[in-house]
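Undergrad: Letter by letter, the chains look like this.
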Amino acid sequence: MDAILPVLLFVAIAAAVSVGLVTVSGLIGPRRSGAVKAMPYESGMDPLHDTRRRFDVRFHLVAITFLVFDVELLFLYPWAVASRSPAGVDAAVAGGIVASRGLVFAGAMVFLSLVVVGFAYDWRKGVFRWR
Amino acid sequence: MTTLLPSPTTLAALAKIGLLVGGLMTAAAYLVLLERWIAAWVQDRRGPNRVGIPLTKIRLFGLGQPLADGLKIILKEDFTPQHVDKVLYTAAPLVILAASLAIFAAIPFGSVLPPLNIPGLPDPVPFLVAPGLDVGVLWVFALSSIAVYGVLLGGWASNSKYSFLGGLRSSAQLLAYEIPLGLGLLGVVLAAGSLKLDAIMNAQAESGIWYVFAQPLGFLVFMVASFAEAARLPFDLPEAEQELVGGYHTEYSGIRLLLFLVAEFLHMITAAFLIVILFLGGWHLWGVTGSGQEVTWLGAALRCGVLSAKILAVIVFFMLVRWSWPRFRFDQLMNLAWKVMLPLGIANLVVVATVEEFRPQLLASLGAGWAQGAALAAPWAVFFIGWIGAGLLTPSGTDNRPILTRSPLDAEHGLLTNTSRDWEKAVR
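These protein sequence lines map, in sequence, to chains P and A.
Sequence positions in the first sequence follow numbering that gives the first Met the number 0 and run 0 to 130.
Sequence positions in the second sequence follow numbering that gives the first Met the number 0 and run 0 to 427.
Everything labelled a hint here was simulated from the structure, so no lab data went into it.
One or more of the hints may lead you astray.
Lysine-lysine pairs mimicking DSBU-like chemistry, simulated, CA-CA at most 35 angstroms apart [to be verified]:
1. Lys85/A x Lys56/A
2. Lys75/A x Lys124/P
3. Lys56/A x Lys124/P
4. Lys36/P x Lys338/A
5. Lys85/A x Lys71/A
6. Lys71/A x Lys56/A
7. Lys124/P x Lys85/A
8. Lys75/A x Lys85/A
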């Protein structure tokens with residue numbers, strides 16, 4: 000709790016600052032509306048049709064690929080932190096939890112090479128081809 | 000007896016939060032002025048130099064400009080167009096500003112204070128709002144991802160085509176560059192053995208070798224990715240003025256537009272902080288700041304000064320790049336993220352992991368000096384090989400010919416004529 004309390008305070012104050020700014024401006028600013036002012040801005044043209052139509056599937060592909068690689072990166076963080084910190088891999092080896100440092104390193108490298116295989120497959124399949 | 004007064008730790012945290020929020024909002028306002036000055040200097044014209052103290056003739060080189068701008072925007076109408084999704088439209092700027100401010104809970108802005116000897120407050124007091132937070136870097140990344148939501152919500156809720164396109168581009172760009180950003184970071188975390196940003200600075204100060212020297216490729220990947228994450232030129236496609244008017248904030252005006260713009264500058268400040276803390280040694284400067292945890296008042300001030308000077312230098316670099324580079328095309332942007340930065344990031348991670356893993360063996364067989372040399376030479380070799388390789392393998396970066404493709408709907412719409420087929424053949 001001691002560790003997280005300042006963080007919560009900061010989030011609360013940051014939210015209060017943003018809400019406060021908008022509230023103050025809403026209270027003291029003028030209010031004038033009009034039919035043209037309320038239209039979507041399209042460089043002076045009348046809007047043609049609805050905005051929310053189908054859009055390019057490539058954005059979807061980027062999102063999916065991102066999800067895969069980002070989660071794979073997240074799996075690497077614990078290893079990266081533990082690799083050289085005193086309470087990490089060395090302590091685990093000394094305590095007999097892991098056979099040797101080399102095993103951990105080899106495991107991480109095998110995992111990374113699997114990521115690379117997936118990456119090469121995606122590239123070959125044209126996921127990254129943006130035209 | 001318990002008192003109603005908050006504990007000294009909470010009070011210290013509140014003081015630091017107040018300092019940070021005030022400082023950051025002011026910094027964002029004055030960085031706008033600095034950016035306009037630099038733009039004027041690059042383009043050989045006079046920038047904003049007239050606004051000084053009101054009702055007098057004192058101009059102060061235009062230092063009154065940010066205050067005047069801020070006041071003007073607060074006094075303007077807070078307008079909500081009719082066609083928008085009201086709840087999301089209001090929430091988007093609040094989310095983005097709150098998230099980009101709260102990032103700084105885990106970012107240190109100096110080293111430590113000398114012992115204060117206040118009962119209830121553990122000494123030394125660090126220049127960091129949440130010193131107990133073990134996952135500092137992850138907090139920074141989580142909140143910068145939440146800022147993506149602000150952009151996406153704003154673009155979607157505006158229900159305008161420019162905003163929609165800006166929001167789409169922006170989310171794709173921020174997602175694509177988050178992976179190289181994470182890869183560049185992993186190397187640093189691996190070498191420092193901690194996710195706390197202050198521990199990472201201390202590790203660099205102790206060894207005296209900043210990670211920019213030990214992991215040049217990681218620095219390159221991280222810096223390019225953080226330019227993209229901050230949506231600064233040459234990666235400012237989300238709000239490319241010539242194509243999209245204002246991108247995701249086209250429909251915003253008044254104070255909510257200000258929140259978006261301030262958040263954007265905060266992203267740049269965050270990026271500069273991260274580059275300096277992770278790769279440029281943080282508060283450490285050889286022969287000036289020392290490297291231990293015991294400081295005098297002068298030393299603490301000096302370390303804050305060194306950190307701020309480095310951050311300002313990186314920000315000025317950001318601004319000079321903005322006024323010297325043209326914008327990328329979207330396919331170039333995506334190619335750079337997936338086909339160049341991601342492989343380079345993985346190469347950096349592998350070489351850093353290998354060097355760190357076999358450092359004891361190197362020390363045992365070569366002796367301290369040679370081992371250190373070998374540990375530095377390997378990443379630099381990979382840096383140059385990667386740089387040259389990426390340059391040789393991506394000729395498409397300069398290929399500006401249009402690439403014609405056949406979309407399934409082309410025939411339906413009568414677009415697939417003989418001429419376009421011929422053109423396609425000729426282009427291939």
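Undergrad: Are there hints from earlier that the structure breaks, and if so, what are their numbers?
TA: 1, 2, 3, 4 and 7
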